[in-house]
Amino acid sequence: MNKKSDMNSGKRKNNKKERVTPKEFSEKKLNFTKITEGKKERTEEEELKQARNALLNILEDTEEARKIAVEERNKTLTIIQNFADGILVFDEKNNLELINPLAEEFLGVKKEEIIQKNISELSETPKFKHLIKLLDSFPEGKAIKSIFREELPLRENLFLEITTLPLIMESNLKGTLTILHNVTREKNIEKMKTEFVSISAHQLRTPLSAVKWTIRMILDGDVGEISNEQRDLLQKTYLSNERMINLINDLLNVTRIEEGKLLYEPKLAQLEDIVWSVAGNFKQEIKRKKIDFKFKKPSQALPKVKVDQEKIKLAVENLIDNAIRYTFPKGKVEISFRCPDKVIEFKVKDSGVGIPKDKQERIFTKFFRGPNVIRMETEGTGLGLYTTKNIIEAHKGKIWFESEEGKGTTFYFALPTEE
Amino acid sequence: MAKKILLIEDEEIMLNLLQRKLTQENYEVLIARDGQEGLEVMEKELPDLVLLDIIMPKKGGFEVMEEMGKIPKLKNIPVIIVSNSGQPVELDRARKLGAKDWLIKTEFDPQEVIDKVVKQIGK
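As given, the protein sequences belong to chains A and B, one line each in that order.
Take the first sequence: its position 203, counted from the start at 1, is 203 in this note's numbering, and no numbers get skipped.
Quick note, this note's numbering runs 1000 ahead of the 1-based positions in the second sequence.
Errors might be hidden in some of the hints.
Unchecked claim - In the SDA-like style, the derived pairs of lysine to any residue whose C-alpha atoms are separated by at most 20 Å in a straight line are: (1) A:K191 with A:L158; (2) A:K236 with B:F1108; (3) A:K267 with B:P1088.
No wet-lab data here; the hints were simulated from the structure.
As the structure is a prediction and not an experimental result, all values here were calculated from the model.
Okay, chain A solo, but in the shape it has when bound (with noise of 0.2 Å):
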C-alpha cells in the first residue's frame, strides 16, 4: 500500500497540496529529534500537520483506486449488459450469479426471479428447463472442464447456441460461463435451402418417371416394333435417365441428412447378412471386370446391432460400390469382419487406384472426388462418402480408411452392438 501511494503521488507533482511520501515522512522525523529544545512545540506542531497530510494523501489515494475500480467494474457491467449474447455466469455452487438482458430475453425470466438460486432449483422452472438439461448433460457431470457448445431450439423460431466454458483464476474453478448466442437466422437459411432441393428433388423425380416409363414401354414393344439403332439408343437414353435419378435421389439423402430425419426405425439385424444380400448386386459388374472377390464369411454368427436396414445397405452399397469402381480389371476386391470389444468392425480392401494423401482429408466432404477417380470414371456425385459416413455416425458408428495411391484403399466402420 505505501509503495502504491508513493508510487501514486509521484506521478501527481503538480498537485497543488503540498505532498509528502512516508518515506519522506520518517526521514523528517529522525530530523526532528536534533531540533533544539525551544522550537520543540513549533515542530511538534508541523510534525503532526505532515502527518495528517500524509494519511490524508494516502486516503486519497486509495479513494481514486477505489473509484478507478468501480468504474472499471461499471464498464464491465455495461458491456456484459449491452453484449449481443446472452450471458450467464454461475458460481463455484453453481449458484446464478450474474445474467444479462438478453439472456432474460431469451429465456423469458426475469433475474429478480432467479438470481442466486441454485442450479437445482432452476432446473425445475419450465423455462430453465432445457438449458439446464443441456448443461447438465456434460461428460462429467457437472464438472465443466472444457468449452462446450451445442445447439438449443428453445421456442418456436428461436434457435440457439449454447457456449459454456470454465471461468478459472489462479487454476481455482470460480464457476462456468454461459454464452447463449442466437443462430436462428443461420437455422432457417438452412432450413429454406435443405426444403429448395427436397422440393426440386420430388419435383424432378416426376417427369423422370415418366421418362423412364415411356422408354421402358418402347423397349419392351408395347407400342409397336422398334428397329435394333432405335432400341440401342433408346437403351442408352434410360440408363442415362437412371442415372439422374440415382443423382436426384442421392440429393434427397443429403437433404435428409441435413434435416436430421436420416434415421427410421432402427431393427436389430445381423451385418453379416445385410452385407451379403448388397454384395449380390455387384455380381455381374465384377464379372466384368474380372476381378478376384472375396466375401470372408465370419464363422460364426456375429452379435446382432441394431439399424435402419435400408440406410445400412446403402452404405455398405457405396462402400462396395466405390471399392469395385475404382479398382482396375482383374484387381481385388476383399469383404471381411471383425468383432472386438462390443462392436462389430467391416472391412472392405481393394487394389485401386487409391487416395492420394493430401486429398485424403476431404474424402468424406460433400461433392467431394479424387482428381484421380475423376479421370477415370466422370459420373459421380461425390455424395456417397458423404451420405455413407453420416449413415454410419447416426448409428452411433465409426468410420474410417487407410489408402495409398496406385496401391489400394481400406475403408472401415464400426457399429456397437446390442448388449
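Fit chain B to the supplied structure of chain A, relying on the hints for placement.
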C-alpha cells in the same frame, strides 16, 4: 369377364402409359384424375383393385384410403400405391390404412406394376 382396375392418377402421361399397359394385359381400366373423382367412380363401379397416386388435387391418396375405410362396400378393395415418393413414414401410414403394396415410380418399371397387380388379383 375381365377384372376391373381403377387408376387414380393426376399426371396425364403416367395415366396413359399405365392404361395402355393394363389394357394390353386384358384388364378393364377405369380412370380418375383426382381423389374425389376416384371415390365417385369407385362407389359406382366397385373395381377389383385400385392403383392410387398420393399427391393429387382435391383429395390425396391418403384421404381416399381413409374414406374407403369408412365405406363398407369399398373397405375391402385392394389398393396399391403408385407414388413418386416413398419415405418410410409414408409407407407406414399407407400400410396402416390397409394398402397392399407400394411402388415408387422412379424405382419400378411398368411391367413390375403389372406383376404386383397380378399378385393381388390374378390375371
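- Can you name, in rising order, the numbers of the hints this structure does not satisfy? none
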